[in-house]
Structures are given as C-alpha cells and as structure tokens.
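S.K.: Please build the complete structure, drawing on both the sequences and the hints.
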Amino acid sequence: NAGVTQTPKFRILKIGQSMTLQCTQDMNHNYMYWYRQDPGMGLKLIYYSVGAGITDKGEVPNGYNVSRSTTEDFPLRLELAAPSQTSVYFCASSYSDRGLNEQFFGPGTRLTVL
Amino acid sequence: GQQVMQIPQYQHVQEGEDFTTYCNSSTTLSNIQWYKQRPGGHPVFLIQLVKSGEVKKQKRLTFQFGEAKKNSSLHITATQTTDVGTYFCAGLTGTYKYIFGTGTRLKVLA
Chain A
1 NAGVTQTPKF
11 RILKIGQSMT
21 LQCTQDMNHN
31 YMYWYRQDPG
41 MGLKLIYYSV
51 GAGITDKGEV
61 PNGYNVSRST
71 TEDFPLRLEL
81 AAPSQTSVYF
91 CASSYSDRGL
101 NEQFFGPGTR
111 LTVL
Chain B
1 GQQVMQIPQY
11 QHVQEGEDFT
21 TYCNSSTTLS
31 NIQWYKQRPG
41 GHPVFLIQLV
51 KSGEVKKQKR
61 LTFQFGEAKK
71 NSSLHITATQ
81 TTDVGTYFCA
91 GLTGTYKYIF
101 GTGTRLKVLA
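Just so you know, the protein sequences line up as chains A and B, in that order. Under our numbering, the first residue of the first sequence is numbered 1, with each subsequent residue one higher. Under our numbering, the first residue of the second sequence is numbered 1, with each subsequent residue one higher.
Certain hints may be false.
As the list claims (entries may be wrong) - Here are the simulated SDA-like cross-link-like pairs (lysine to any residue), alpha carbons at most 25 Å apart as the crow flies:
1) B:K36 / B:K51
2) B:K97 / B:R60
3) A:K44 / B:N31
4) B:K36 / A:Y31
5) A:K14 / A:L78
6) B:K97 / A:L111
7) A:K44 / B:E17
8) A:K44 / B:G66
9) B:K57 / B:N24
10) B:K56 / A:E102
11) A:K57 / B:K97
12) B:K70 / A:L78
13) A:K9 / B:T77
14) A:K57 / B:K56
15) B:K56 / B:T28
16) A:K57 / B:N31
17) B:K70 / A:T24
18) A:K44 / B:Q9
19) B:K97 / A:K14
20) B:K56 / B:G1
21) B:K51 / A:T24
22) B:K36 / A:P107
Keep in mind the hints are simulated off the structure, nothing from the lab.
M.R.: Spelled out as structure tokens, the structure:
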C-alpha cells in the first residue's frame, strides 16, 4: 500500500492563479481531511469528508473548495491564490467505526504564493 | 472558538533528561490523539486516549488524559536524540473534527 499520496510536492503560484492539490489514499478509508500548517505552527483543518459525496468545512475554509467523488480521492482547490495561503498542506485519512481513528498523513505540498 | 493550547512551545533538554508537554482544551474532548512530526516531515500517530483519567505507556513515553477530559500530557523518560521533533495533541471536539494543539518543539542535546 502506498498510503496517502499528495501531488505536487512543491509549487509556486502568482497572486490570483488557481491550482488543485491532489490527494489519494489506497487504504479504503472513509474519512479524509485537509490541513494547512504555517511555519512553526500547528495544523488547521480546512475541509473534511466522511465519505464519497459528503464534505464539510473545518476551521479555515475560506479561499478553498473540495470535492469527494470517490473514496480514494480528495482534491483541494485554490481559486484565487493569495500570499496568506502560503503554507504546507497536508492531506490525511482515517477509518472510523467509532473506535480508533488514527489519521494517516501524506507527505505534504509546500505552496508559496508570490 | 474552540482552542487547544500546548505548553511549553519549545523545550531543549540534555540527552537523558525527562521531558513533558501539556495540552489544554477550552472544551471537553471526546478523545485525544498525540502525533510526532520530525523536522521537514509529516505528523505520525502515536496514541489515542478515550477514557477519563486514562494512562497509557509506550516504552519511554507515558500519556495521560485528564479526569475532566479537557487536558492531557505526554511524558518522555530519559530522552534520546531520536526523540527530536514537534509533538502535537489533537482533540476530537465534534463528531469528526480534530483540533490540533499548537505543538511543543523538542530539541535534545547530546
């Protein structure tokens, strides 16, 4: 199993550009999450999904959109990039049956907006 | 809004010394998880605590969940250089959402 994979690893955007961060998991997990981590800070939840076709906002959703058409994929869309979106983005997945729901993280995408 | 704070923010210890990080939530948590993030890496799950007053051990690591389920701690006995990294707690506040703490960055001096 590859676990959680993210592409790209690095990206530089100009202000106003758009991009999609890709996230795929092969563990058949029902829950998926997007977090951002600013330098020296903790992780902030952007969006999450509890299954295909179901998404909901986290703590910091403004400026982002998500979709979950399959169990495996959970792309994050930035429509009009702003310098405040410079951060490291982590995708995570977990399987929860109301018991242990360990989150497995991808390697991250380092995004810089200039 | 809901917040999860951790103290200290940074800790430098000599190898062999003990280390403790504390996690405090503004609201009661359903459960709490702990993660370790090495420099330049991604968070890796360490443990999950669910019950009030729960204590779990993993070799040199001891995790506690407070009686009121609003605080938690991670204690490392006799730190090693491999313990270097940032330790995060993450509290389950709603049905599916985890709020991550601010993290404690541990540096171990050989």
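S.K.: Hint by hint, say whether it matches the structure.
M.R.: Status of each hint after checking the structure:
1. B:K36 / B:K51: 21 Å, holds
2. B:K97 / B:R60: 29 Å, violated
3. A:K44 / B:N31: 18 Å, holds
4. B:K36 / A:Y31: Holds, because 21 Å separates the two Cα atoms, which is no more than 25 Å.
5. A:K14 / A:L78: Holds, because 12 Å separates the two Cα atoms, which is no more than 25 Å.
6. B:K97 / A:L111: 24 Å, holds
7. A:K44 / B:E17: 31 Å, violated
8. A:K44 / B:G66: Measuring from Cα to Cα gives roughly 24 Å; hence the hint holds.
9. B:K57 / B:N24: 20 Å, holds
10. B:K56 / A:E102: Answer holds: K56 (chain B) to E102 (chain A) is near 16 Å, not above 25 Å.
11. A:K57 / B:K97: 10 Å, holds
12. B:K70 / A:L78: Given pair K70 (chain B), L78 (chain A) is violated - Cα atoms ~35 Å apart, limit 25 Å.
13. A:K9 / B:T77: Distance of about 36 Å is beyond 25 Å: violated.
14. A:K57 / B:K56: Between K57 (chain A) and K56 (chain B) the Cα gap is close to 32 Å, so the pair fails against 25 Å, i.e. violated.
15. B:K56 / B:T28: 20 Å, holds
16. A:K57 / B:N31: Holds. K57 (chain A) to N31 (chain B) sits at ~20 Å (cutoff 25 Å).
17. B:K70 / A:T24: 33 Å, violated
18. A:K44 / B:Q9: 17 Å, holds
19. B:K97 / A:K14: Distance ~31 Å between K97 (chain B) and K14 (chain A) Cα, so the pair is violated.
20. B:K56 / B:G1: 29 Å, violated
21. B:K51 / A:T24: 32 Å, violated
22. B:K36 / A:P107: 14 Å, holds
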